[in-house]
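Work the whole structure out from these sequences, hints included.
Listed here are the chains, written in short residue letters.
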Amino acid sequence: MNEQGNNNGDNEDTLVVESPVPDDQQVPATETVSTLRLVATLAIAGALAGLLIVLLNQHTKPIIDKYKAEQLKLAVYEVLPGSEHYNTYYLIEGKLSPSLPDGAKENDYKRVYVSHSKSGQVKGVAISRGESGFQDVVQIIFGFDPTTGKLLGMKVLDSKETPGLGDKIFKDRAFVDQFFAGPETPLTGVKAGMGKGLPTEIDTITGATISSKAVINIINHALEEWRPVLDQGIPPAPTSLPEGEVQQ
Amino acid sequence: MTDSIVKLTASPHVRSDDSTVKIMWSVVLSLLPVIAASIWFFGPSAFFVLLASTAGCLVTERLFGSHRGSLADGSAMITGLLLGLTLPPGFPLWMAFLGGVFGMAFGKIIFGGLGQNIFNPALVGRAFLQAAFPVAITTWPAKSGQWWSLQGDNFALPFMSPVVDTATAATPLGHLKFGDDSVVTPVIDLFLGTTGGSLGETSALLILLGGIYLAYRGHLNWHIPLSIFVTTFAVSGLFFALGISQFPPLFMLFSGGMMLGAFYMATDMVTSPLSNKGCWLFGFGIGFLVVIIRIWGGLPEGMMYAILLMNALVPFINRATQPRPFGSVSKKQEEAPK
Amino acid sequence: MKGLLSFKNGVHPPENKDITAGIASRRLPFPDEVVLPLSQHIGTPAKSLVQAGDHVERGDVIAEASGFISSAVHATASGTITSIELWPHPGGTMVPSIRIAVDPYSTQLQRPRIVPRWEDVPEEDLSKEIARAGIVGLGGAAFPSHVKLNPPKDQPVELLLLNGCECEPYLTSDHRTMLEQPEKVYLGIRIALKALGISQAVIGIEANKPDAIAMMRNTAPEDLDVTIQPLQVKYPQGAEKMLIKAVTGREVPPGALPAKVGTLVQNVATAANVATVFETGQPLIERIITVTGRGIRQPGNWVIPFGTRLRDVIRHCGGLNEDAAEIVFGGPMMGLGQANLDVPILKATGGILVLSRDECKQQEIMPCIRCGKCLDACPIFLNPQLMGALAKAGRYEEMVTDAHLNDCMLCGCCSYVCPSNIPLSQLFTMSRTQLKKLAAS
Amino acid sequence: MRKTTPSQDLIRGIWEENPVLIQMLGLCPALAVTNSVKNALAMSAATFFVICCSSVLVSSCKRFIPKEVRISAYILVIATFVTLADMLLQAYAPVQHKELGAFIALIVVNCMILGRQEAFSAKNNVYRSLLDAIGTGIGFTIALIMMGGFRELLGTGAFLEYSVFGPNFEPWVIMVLPAGGFLTLGFILLAMGYIEQRKKMKALMAAEKAS
Amino acid sequence: MSDQTLFSIFFSAMVVNNFTLAMFLGLCPFMGVSARVETALRMGLANIFVLILTSISAWFLNTYILETVPFLRIISFIIVIASLVQIVEMVVKKLSPALFRQLGIFLPLMTTNCAIFGLAIFQTNRGYDFMQGLIFAIGAGLGLTLALVLMASIRESIEFSDVPDLAKGTGLVLIIAGTLSMAFMGFAGLL
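Protein chains in written order, with this note's numbering: chain Z, 1 to 248; chain W, 1001 to 1338; chain F, 2001 to 2441; chain L, 3001 to 3211; chain E, 4001 to 4191.
Each hint should be verified, as a subset may be incorrect.
Derived pair list, reagent style BS3-like, types lysine-lysine, alpha-carbon separation capped at 27 Å [what the hints assert, rightly or not]:
{"no.": "1", "chain 1": "Z", "residue 1": "Lys68", "chain 2": "L", "residue 2": "Lys3098"}
{"no.": "2", "chain 1": "F", "residue 1": "Lys2128", "chain 2": "F", "residue 2": "Lys2260"}
{"no.": "3", "chain 1": "L", "residue 1": "Lys3038", "chain 2": "Z", "residue 2": "Lys66"}
{"no.": "4", "chain 1": "Z", "residue 1": "Lys150", "chain 2": "Z", "residue 2": "Lys171"}
{"no.": "5", "chain 1": "Z", "residue 1": "Lys68", "chain 2": "L", "residue 2": "Lys3038"}
{"no.": "6", "chain 1": "Z", "residue 1": "Lys66", "chain 2": "L", "residue 2": "Lys3098"}
{"no.": "7", "chain 1": "F", "residue 1": "Lys2392", "chain 2": "W", "residue 2": "Lys1277"}
{"no.": "8", "chain 1": "L", "residue 1": "Lys3199", "chain 2": "E", "residue 2": "Lys4168"}
{"no.": "9", "chain 1": "E", "residue 1": "Lys4093", "chain 2": "L", "residue 2": "Lys3067"}
{"no.": "10", "chain 1": "E", "residue 1": "Lys4094", "chain 2": "L", "residue 2": "Lys3067"}
{"no.": "11", "chain 1": "E", "residue 1": "Lys4168", "chain 2": "L", "residue 2": "Lys3200"}
{"no.": "12", "chain 1": "Z", "residue 1": "Lys68", "chain 2": "Z", "residue 2": "Lys110"}
{"no.": "13", "chain 1": "L", "residue 1": "Lys3098", "chain 2": "L", "residue 2": "Lys3038"}
{"no.": "14", "chain 1": "F", "residue 1": "Lys2392", "chain 2": "W", "residue 2": "Lys1022"}
{"no.": "15", "chain 1": "F", "residue 1": "Lys2392", "chain 2": "E", "residue 2": "Lys4168"}
{"no.": "16", "chain 1": "L", "residue 1": "Lys3098", "chain 2": "Z", "residue 2": "Lys73"}
{"no.": "17", "chain 1": "F", "residue 1": "Lys2361", "chain 2": "W", "residue 2": "Lys1022"}
{"no.": "18", "chain 1": "L", "residue 1": "Lys3098", "chain 2": "Z", "residue 2": "Lys160"}
{"no.": "19", "chain 1": "Z", "residue 1": "Lys73", "chain 2": "Z", "residue 2": "Lys95"}
{"no.": "20", "chain 1": "F", "residue 1": "Lys2008", "chain 2": "W", "residue 2": "Lys1277"}
{"no.": "21", "chain 1": "Z", "residue 1": "Lys171", "chain 2": "L", "residue 2": "Lys3038"}
{"no.": "22", "chain 1": "L", "residue 1": "Lys3038", "chain 2": "Z", "residue 2": "Lys160"}
{"no.": "23", "chain 1": "F", "residue 1": "Lys2194", "chain 2": "F", "residue 2": "Lys2260"}
{"no.": "24", "chain 1": "L", "residue 1": "Lys3098", "chain 2": "Z", "residue 2": "Lys171"}
{"no.": "25", "chain 1": "Z", "residue 1": "Lys110", "chain 2": "Z", "residue 2": "Lys160"}
{"no.": "26", "chain 1": "L", "residue 1": "Lys3038", "chain 2": "Z", "residue 2": "Lys61"}
{"no.": "27", "chain 1": "L", "residue 1": "Lys3098", "chain 2": "Z", "residue 2": "Lys61"}
{"no.": "28", "chain 1": "Z", "residue 1": "Lys105", "chain 2": "Z", "residue 2": "Lys66"}
{"no.": "29", "chain 1": "Z", "residue 1": "Lys171", "chain 2": "Z", "residue 2": "Lys73"}
{"no.": "30", "chain 1": "E", "residue 1": "Lys4168", "chain 2": "L", "residue 2": "Lys3202"}
{"no.": "31", "chain 1": "L", "residue 1": "Lys3098", "chain 2": "Z", "residue 2": "Lys110"}
{"no.": "32", "chain 1": "Z", "residue 1": "Lys68", "chain 2": "Z", "residue 2": "Lys160"}
{"no.": "33", "chain 1": "Z", "residue 1": "Lys61", "chain 2": "Z", "residue 2": "Lys105"}
{"no.": "34", "chain 1": "L", "residue 1": "Lys3098", "chain 2": "Z", "residue 2": "Lys105"}
{"no.": "35", "chain 1": "Z", "residue 1": "Lys191", "chain 2": "Z", "residue 2": "Lys160"}
Everything labelled a hint here was simulated from the structure, so no lab data went into it.
Following this line, the structure appears as structure tokens:
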């Protein structure tokens, strides 16, 4: 490190950071410590660290997973009003499938959440999607009825939109309620009070036009992608249906 | 040396008539018609807003300014007036005052006062207000009734929200950007100022005249507004011709804060580049950014951000556009066959 | 005006030349005493050849050049040497000077001095003769002329440029020289051309002297390849580099001599004095000096022997006005302010300027507002703003490496235009001094 | 290294050598998650946990860590505890975890923690190291709460989500935006500088009077 | 899984959500190494390089190793980054000693540069694929460099200003950063 220091003498004054330099691999072996021991120490430390983490993970993972599932469930139920149950469908080779092929990783596939009625009819599909809004990615989930093409509901999962302005996309009830009123898709955003009364219209929020339009765009884009898939038909729900129900 | 009457100074022994103080006050002077017009259009509200923002600047300069006489140089006055001119007429006065204080303190005094700042203090104040009170600053009440009636809740209590009960009107830029019927306000209206908008956004004509007066007096570098206009016109014209944007180029030039920004904010000597070459680059950058932000950005108006961003680049531009000393040849020329 | 040749940038200070432009030059009465500093030129000081008590006649050599870049000094009036002592110099220092008590009864005729016919002198000896006469450039820099007339062999001179611009406001001495002694100017040109072994000359004159242009045109000898080139009125048109740029379009590289671009610049007054040497044998002992400004009672163009003290000049010109505020040797842009009335007039003193309070009102220095006017004014394209800031911060080395301080010719344009009245050229002079100190230590 | 008493070890980090306000370490979390006091508290707690555990472990194991690989070892130790903190928060405070997001993981690269290991724990006993870590942790917490309090108060008119200025307060949105973070810290530093200056002036005046 | 377009990822990382000015990542070099433009530029370029490498390695880790043990993410990222920095340092030293002299002092510091680690974490949290991650890294690196160079040129320029004693140092730098951050808000919505 010395030679660097000397060669960069002109830079030294600019470095005010306490430099925690990992100089382990640079120090010549003048000391008695052997490489083997260094590696061994790190290996043991690593193993211990790993063990500790694994142990705690065993303990926390169920809690975390449960919470996540709970959150997802709440979100799906919110955008698919009246549902009490849903199934996850994966997009496999352009078709929906209620189960994954053996050994496949869940995260490799896009998915939707489908709610069935008692009779096995598809009540609605919940789709989650994120796109750039005003500040950063806006992640939403929305419910959609594939038979009528109407929206069932919408919930913002994650957004960093401007507080007091862009965050009205989930704080302004009047805006959010429009998505629960069953508008037809594809949606069009209009300035509040300037609409022509079409069933596809969503009034944007004054002062937060971009954020409002982002929500509308996300839904439209998601549907552009999913409509063809959904129109092919949704395979019947897997066996997880409550006992006694018969698939038709 | 009994007969020595003389004082000893270094050459040159004569000076041009220009002086910083003179420049500053003639800028204030050239703003007077614009101010008068804004009061004519918006009534007493305009006057109060300008008063509040200017008071914020003057008070701050007086309290924290680097030297006692610094109020007399007129720079704080300019900052206050310019800040006021970028605000909507119904803006709560306490916010206007706060903007003046912030712009002056963190835009100028903290850098050491006159001549030392990096960002245009008026725009620092404006950017602060835009970020702090995004709703209030984008609320343009529709003109209502008599001339003397207030435009919105000017007298909202300090730190309290303004109560807007009147109908709001969009600015020409907002109309075109967010309106569904895409109203292109006729350029003649923009030119004469018979539109809604912030105090200084209207009456392009008066600003143009004031700017030309200053340029004629040598108190602003005409390269900057010219390059901004040329760039804006060309870039927005290109996008308009290609059908990418709905903004006609002339509309682009005369709407929003373009005129005020180009003539009075971008040309702030302290925060613009030194050399004319640098000024061209600077103006080009502003013109380009403003078109980009107006067409694709989240806000209808981009002049303020375009200028602030280019302000930040000015030290870099100054570095890059060091003049070539007389008689020295660039490397390229040296290599060229003789 | 616009169509005339010129250079880029520069400034237009009020000319104020009409105060004296129309006044024909007259001889100022000889003073009681002349004081001749041994260093009146750029280069090594001359070496004194006389002692106190010696009697000298006007035109006698009293100090000889020591070294190549040096110049001889001649007695400018007959009289007795009273002492050789340190005497205030217009540069602000004390300099060894020869004091001569002028003999009031002398006719002040020059002692006859044998000079060869210039036509007969071999080219290479011409400059020796010029050196013997103590000729230095009269434009202001006082660079020994014989050195200039011997350009480096690898940089041949093709064109002789006569500087008749007189771009400094107020001054009219070159103007009067051209009006009153055009034939002398032309003779000087002939001699210089011969010394250089070339045939082409151009006289550059600012367009604000139409009578001088007409006079030079009317008297131009037909056998001489000389062009009279009117130039745009702009300061510093008379600076060597600017003149070359205006006339030839070439730029002298930083640190190089004009010979690098094949030119040599000589002041018209210098040319006239070269002619005098070969016509009458009179060495360089006097010249036309403009005494002007609103602070002096009787402005005019005077022929004054060098060494005359400022005090005597002022007295002969009717004394100072009530509101006289500042006395300057040279023009208002580059001239040296004088605090001591005992300083003598030097070879390079083209004018004495007494400014009234109105003319040189001092304004408060404000912070720099980075308006960039100095960049637009600088004729050699430096960045005075940056240099000023560096000087203020004491970062002198960077001024040289990053801002080319050494190219600066201290023309004062930046200080002139600065709306904040920042004394830029003063800062640059000071920085150079500091750098010299640093280098020495 | 100068000798210090245990109490000095504890107190030093709290104000005199406050990691954020004086030493300018750990700025990233100090700016990123202080848009509300709650977030600031959660971040402080996680950091507190990590620094205390790391310091204890490092100082107790310092004999076994060869000098050559000490930095890597410290990072490993810190990363382990950060992972633990991450999991614990996710399990027991999922809302805060979501708010803080990636910034929990970023505790790993908080120079402050590594700096304490290198500068103190590696050379002192467990007891002292713990005291030092607690002091530093408290200092960090104080700084974060100052930032968070200031920003939440002006940015939303509330403190710990409890409305302070009433419903009509116009929030300064900028304060909860990134720019507000920079401005707030800048402002706090200016204010501290001002107080410092005043103190010095007073001391100077007093000294002058005395002499 | 992310549905963002590459352009929007790039633009977002570079200006709208600038790593330094909006996400507070890489503040140490931003404060420490922004006094001279040349240094800042070099630091920025070194950052871009390491960011790209980090993005690639993080993607490999996520795809092939961490799938089964996601809870080891933090540890493995930091280890990989530390070793990566070491390897880069050695390779650069061997291949181009001149470049090493220029970058040398910055490279070791990168291990604790939160921008690098942050990139890996954000990339994972947002579920970027390989290409998205790469573009994200380049955008973030350019944004970092932009912020650094802007700050450095401003700081060089205010060296000539009579900054009040009170504001000298970090206070003023933070205020400037705040103003820059406000100015960058103009890019919001540009996606």
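Going through the hints against the structure:
no.: 1; hint: Z:Lys68 with L:Lys3098; in the structure: holds (11 Å)
no.: 2; hint: F:Lys2128 with F:Lys2260; in the structure: holds (23 Å)
no.: 3; hint: L:Lys3038 with Z:Lys66; in the structure: holds (24 Å)
no.: 4; hint: Z:Lys150 with Z:Lys171; in the structure: holds (23 Å)
no.: 5; hint: Z:Lys68 with L:Lys3038; in the structure: holds (22 Å)
no.: 6; hint: Z:Lys66 with L:Lys3098; in the structure: holds (15 Å)
no.: 7; hint: F:Lys2392 with W:Lys1277; in the structure: holds (26 Å)
no.: 8; hint: L:Lys3199 with E:Lys4168; in the structure: holds (18 Å)
no.: 9; hint: E:Lys4093 with L:Lys3067; in the structure: holds (24 Å)
no.: 10; hint: E:Lys4094 with L:Lys3067; in the structure: holds (26 Å)
no.: 11; hint: E:Lys4168 with L:Lys3200; in the structure: holds (17 Å)
no.: 12; hint: Z:Lys68 with Z:Lys110; in the structure: holds (18 Å)
no.: 13; hint: L:Lys3098 with L:Lys3038; in the structure: holds (12 Å)
no.: 14; hint: F:Lys2392 with W:Lys1022; in the structure: holds (24 Å)
no.: 15; hint: F:Lys2392 with E:Lys4168; in the structure: holds (18 Å)
no.: 16; hint: L:Lys3098 with Z:Lys73; in the structure: holds (17 Å)
no.: 17; hint: F:Lys2361 with W:Lys1022; in the structure: holds (15 Å)
no.: 18; hint: L:Lys3098 with Z:Lys160; in the structure: holds (12 Å)
no.: 19; hint: Z:Lys73 with Z:Lys95; in the structure: holds (23 Å)
no.: 20; hint: F:Lys2008 with W:Lys1277; in the structure: holds (14 Å)
no.: 21; hint: Z:Lys171 with L:Lys3038; in the structure: holds (20 Å)
no.: 22; hint: L:Lys3038 with Z:Lys160; in the structure: holds (17 Å)
no.: 23; hint: F:Lys2194 with F:Lys2260; in the structure: holds (20 Å)
no.: 24; hint: L:Lys3098 with Z:Lys171; in the structure: holds (18 Å)
no.: 25; hint: Z:Lys110 with Z:Lys160; in the structure: holds (24 Å)
no.: 26; hint: L:Lys3038 with Z:Lys61; in the structure: holds (24 Å)
no.: 27; hint: L:Lys3098 with Z:Lys61; in the structure: holds (16 Å)
no.: 28; hint: Z:Lys105 with Z:Lys66; in the structure: holds (19 Å)
no.: 29; hint: Z:Lys171 with Z:Lys73; in the structure: holds (21 Å)
no.: 30; hint: E:Lys4168 with L:Lys3202; in the structure: holds (21 Å)
no.: 31; hint: L:Lys3098 with Z:Lys110; in the structure: holds (22 Å)
no.: 32; hint: Z:Lys68 with Z:Lys160; in the structure: holds (20 Å)
no.: 33; hint: Z:Lys61 with Z:Lys105; in the structure: holds (18 Å)
no.: 34; hint: L:Lys3098 with Z:Lys105; in the structure: holds (24 Å)
no.: 35; hint: Z:Lys191 with Z:Lys160; in the structure: holds (23 Å)
Violated hints are absent here; each numbered hint is respected by the structure.
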